[in-house]
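*Asks:* Below, each chain spelled out in residue letters.
4 protein chains.
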Amino acid sequence: MIALDELNCCGKDAFVAALGDLFEHSPWVAEAAFGQRPFASLAALHAATVGIVRAAPAGPRLALIKAHPDLAGKAARAGQMTADSVAEQGSAGLDRLSAAELAEFHRRNDAYRAKFGFPFVICVRRHGKESILRAYQRRLTHDTATEVEAALAEIARITALRLDQRVEAADRLKVHGRLSTHVLDNHAGRPAAGVAIELYELDAGGERLIVRAVTNADGRTDQPLIGGRPVPIARYELRFQVGAYFAGRRIDLADPPFLDVVPLRFAVAEPEEHYHVPLLVTPWSYATYRGS
Amino acid sequence: MIALDELNCCGKDAFVAALGDLFEHSPWVAEAAFGQRPFASLAALHAATVGIVRAAPAGPRLALIKAHPDLAGKAARAGQMTADSVAEQGSAGLDRLSAAELAEFHRRNDAYRAKFGFPFVICVRRHGKESILRAYQRRLTHDTATEVEAALAEIARITALRLDQRVEAADRLKVHGRLSTHVLDNHAGRPAAGVAIELYELDAGGERLIVRAVTNADGRTDQPLIGGRPVPIARYELRFQVGAYFAGRRIDLADPPFLDVVPLRFAVAEPEEHYHVPLLVTPWSYATYRGS
Amino acid sequence: MIALDELNCCGKDAFVAALGDLFEHSPWVAEAAFGQRPFASLAALHAATVGIVRAAPAGPRLALIKAHPDLAGKAARAGQMTADSVAEQGSAGLDRLSAAELAEFHRRNDAYRAKFGFPFVICVRRHGKESILRAYQRRLTHDTATEVEAALAEIARITALRLDQRVEAADRLKVHGRLSTHVLDNHAGRPAAGVAIELYELDAGGERLIVRAVTNADGRTDQPLIGGRPVPIARYELRFQVGAYFAGRRIDLADPPFLDVVPLRFAVAEPEEHYHVPLLVTPWSYATYRGS
Amino acid sequence: MIALDELNCCGKDAFVAALGDLFEHSPWVAEAAFGQRPFASLAALHAATVGIVRAAPAGPRLALIKAHPDLAGKAARAGQMTADSVAEQGSAGLDRLSAAELAEFHRRNDAYRAKFGFPFVICVRRHGKESILRAYQRRLTHDTATEVEAALAEIARITALRLDQRVEAADRLKVHGRLSTHVLDNHAGRPAAGVAIELYELDAGGERLIVRAVTNADGRTDQPLIGGRPVPIARYELRFQVGAYFAGRRIDLADPPFLDVVPLRFAVAEPEEHYHVPLLVTPWSYATYRGS
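Protein chains in written order, with this note's numbering: chain A, 1148 to 1439; chain B, 1148 to 1439; chain C, 1148 to 1439; chain D, 1148 to 1439.
These aren't lab readings, by the way, just hints derived from the structure by calculation. Predicted model, so just to flag it, every value in this text is computed and none were measured. Some hints could be false.
Identical chains blur together in the list; that is why a pair holds if it fits in one copy or across any two.
Only pairs whose alpha carbons sit at most 20 Å apart, straight line, appear in this in silico SDA-like list of lysine to any residue [to be verified]: (1) K1321 x D1365; (2) K1321 x A1364; (3) K1213 x H1323; (4) K1213 x G1264; (5) K1213 x E1296; (6) K1221 x E1417; (7) K1262 x A1292; (8) K1213 x Q1227; (9) K1213 x P1174; (10) K1262 x V1358; (11) K1221 x R1359.
Just chain A, with the same shape it has in the complex:
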């Protein structure tokens, strides 16, 4: 991490060394930003870089878009992507695709490139696999001008996340969301402590375990289930081991118990928001809702 203060007073070489790769293979953005110092906030720095891209002639702007690698493409397999792109594509599981999924991505990449002449750019940290595939489908119906705009908007999101990870400042960019839960035992009238929880991401191909946790004395998890990053647009299932919890309370349950593993299935559509998905539960009932 580098401090915003330092970026505001260092030499040009150091500035470009720090932010030259903020925009994929396009150090010229950082070079131009150097001339606009000082930046009063991280938000101002981000806005300045986005403004530089917007103000650039069509040629360099298109070149910037074209500098992005295909999703799950040859560059990834050949080890030729930037470190940022490697981490970003990995976060959505694009480095672990099945052969069929890989073929599907290539088909869509090719179709997109064939229509628009540049690669499909998307801020993958904001998406699950399924959501990326839906985005291809939706965006493939656009015209080129719309897609140039869409690509630049995605690049703004990508660089906001990169800045968030690299630069220390008093302000933070609004790039993180949060997924949390809370288990209330309405049978005992208190938080349910010690409930084992699993969070899965669901897609057409099955499910992927995201995190395991156990509720604390307040019925919450010590850490948010997803936090410090965007919550990927995706379908999820939370599973709560309430049968084991109530058995541990020595409550007289049916055999097998009416409720054992309780699944809550929901989707996230706004990665920068807080999704609170609590469980109100007795051995014979449960409820959930989008809370806050």
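Mind docking chains B, C and D on chain A? Use the hints.
*Replies:* Just chains B, C and D now, kept in the frame of chain A:
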């Protein structure tokens, strides 16, 4: 179906023709029951046959137990089971076991037979596969006297269900349970009509579709999801297509919608009871409970 | 009660004797209806009488409206109302008004009559006191033509209810609603039996006990809380003695218990509909909703 | 407020000036506590004073109990109570009793004093009026030794609250509870902002408004409804103006709306705990529970 009145006044041959196979390969029970006519009710007829077995010497009682086929055993594969047993074992899916499951059943049959000297008898219509496997495990820990009692109790349940299917009478035996649901749209304050529902039975090996249904104008299904029979002791998942339902109401939903397919997972422990498992739902919340 | 069949074949005198007072002080409607016999259904009979009024010249129609007594008016105090009107006004509590309320009704009657030249006609069985006062306010803003229509529509409702009480037929008019409840004990997973319930009608002046009931084994009341009549448009409060219920189940409660008397407060807007207002309850939580 | 550090190093006169009236009319406790300085924490100071009373001979201990004024007694009317007692009795509304209530308190004071020979001592800040009356009833059945213990335990609670208000220290005594709420709009899937709320304390004689509040953007109140003090043991009713809230959201409601003012009625039994009583609401349903 034969009427109880007719059983009460027909000749012995006709009586034994009608009920000789009520107890597996044991027409002597029906023969003895003939002498106790008339029966005031179906319950009285059933109680009489059970009493005859209870009063019989140990030899014939043991022979009756031994006359039952193994679950998923050689008799089934050789086509040597009674028609009743074929239908009963099929109802729990024992005629569709995988090779691994078949091996598991044979191992347990052998262990049970080795310990007690007679086959494992259970009223399979009251159970799912998983529940039968748990019953083996539990009953294998008993002593022989307990298991003779257990087998006779199961035979009483088996014959009650057979009588229920064969004999018309003013009274009915308490052998049926019911599984029903009801979808309330708490967003609109009315029953949710046209919601597609699927009911699955879950077991370690996966899931099996039991029934599909669509809610009617009152938010219920025209027929109970399971009815006119015991509700097998098993784990179930109900899935409600609430995303499609709310989209059909032209409500402004998130993309993807917060709730799309809502799963309710629960278990049945008392096959002769009514399990009412309703869904109270909005685009952002849901609740369920064991109702009535 | 007189049978529709009998009305269809009796002489004119008997017909007019039976239905002459259906329309307030206006036997000419029944006399005209006699000529349209036979009526295939109660609905047809009602439609015929309403049609006769609609087809009548303005003079008799206005006379019919004027033949109605003021609400809580002099006719009531002087014992000069028809038996039907006495019962109807009593059903909304108009025979038990405080002096202040009486003055309020008289003020509104006078204002209405001053503007339109005829009395305020409303089907009082469909209303609580507060709802009637709101109706005065709303209707006083109308023009005369609108109010003549409104009065005739109310007369159609009044006469539908009178026919419903007097004539037996295979069909029934849709003039009844229903208010029911159901108490589910989500702590035990079964209906809550033996819960004492009170239903109050609320208005600005306070509350009026409508009915007391106790839940049966299914958690319901043997009779609907309101049934066999329109459910008056009004605000209600249901009160459930859940503290006593859970104490009776020997559950370890806080002292005083977190929940003791649970009030559910709601309003009815559609008197001919079914309002099902259940209570899902544990010692620490409760929920309600408009059910079906 | 005086700092614990200062109490630990000041002279005896200053120490007794600060804490001499901690125990009602009994400066000897503070005098003895002076000798045990320094106190590592507020908890240690409180424990020391309680220990001094416990270790004192029966005479002074009884004198301490007797030094307490009657609840709603002559001392109050004559203006002879300590400032602490005036504030404490006022907090439970004992300075605003009706004539009938006053007579009731005097009857109970007299009965208690007649049996035990000393006044009824209770930490009134932890109670509502009704709860105090129940305590008389319960404690009047005890023997004298039990009541001496009960009075000393109440004095420990009274002095803990007095210390909490007077002494600044790094630690705090566990003498505060909290009552909070949260309104979730399950129709929109977000917190309900701008909902007007009233909190009433209920007793046999009626209700007393405790506080009015309006929910903020997170559906909560900026301040807890009760906080920074014990939550009095009492029955409460929260009233939420949900009809106005949903009307403000331009939702198409029934007329009158099914839900308008939603009352939640509950009781507090543990004054030092957190009572979170949320409302999950749509125009057609609501739920509450003891949360955390």
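*Asks:* So, for every hint listed, does it hold in this structure?
*Replies:* How the hints compare with the structure:
1. K1321 x D1365: between (28 Å within a copy, 18 Å between copies)
2. K1321 x A1364: between (30 Å within a copy, 18 Å between copies)
3. K1213 x H1323: neither (27 Å within a copy, 62 Å between copies)
4. K1213 x G1264: Within one copy only: 9 Å inside, 78 Å across.
5. K1213 x E1296: Only inside one copy: K1213 and E1296 sit 14 Å apart there, 72 Å across copies, limit 20 Å.
6. K1221 x E1417: Classified as neither; 30 Å inside a copy, 58 Å across copies.
7. K1262 x A1292: within (12 Å within a copy, 66 Å between copies)
8. K1213 x Q1227: within (15 Å within a copy, 72 Å between copies)
9. K1213 x P1174: This pair counts as within: shortest intra-copy Cα distance 14 Å, inter-copy 84 Å.
10. K1262 x V1358: Neither. Shortest intra-copy (39 Å) and inter-copy (45 Å) distances fail the 20 Å Cα cut-off.
11. K1221 x R1359: neither (34 Å within a copy, 45 Å between copies)
Against the hints set out earlier in the document, violations occur for numbers 3, 6, 10, 11.
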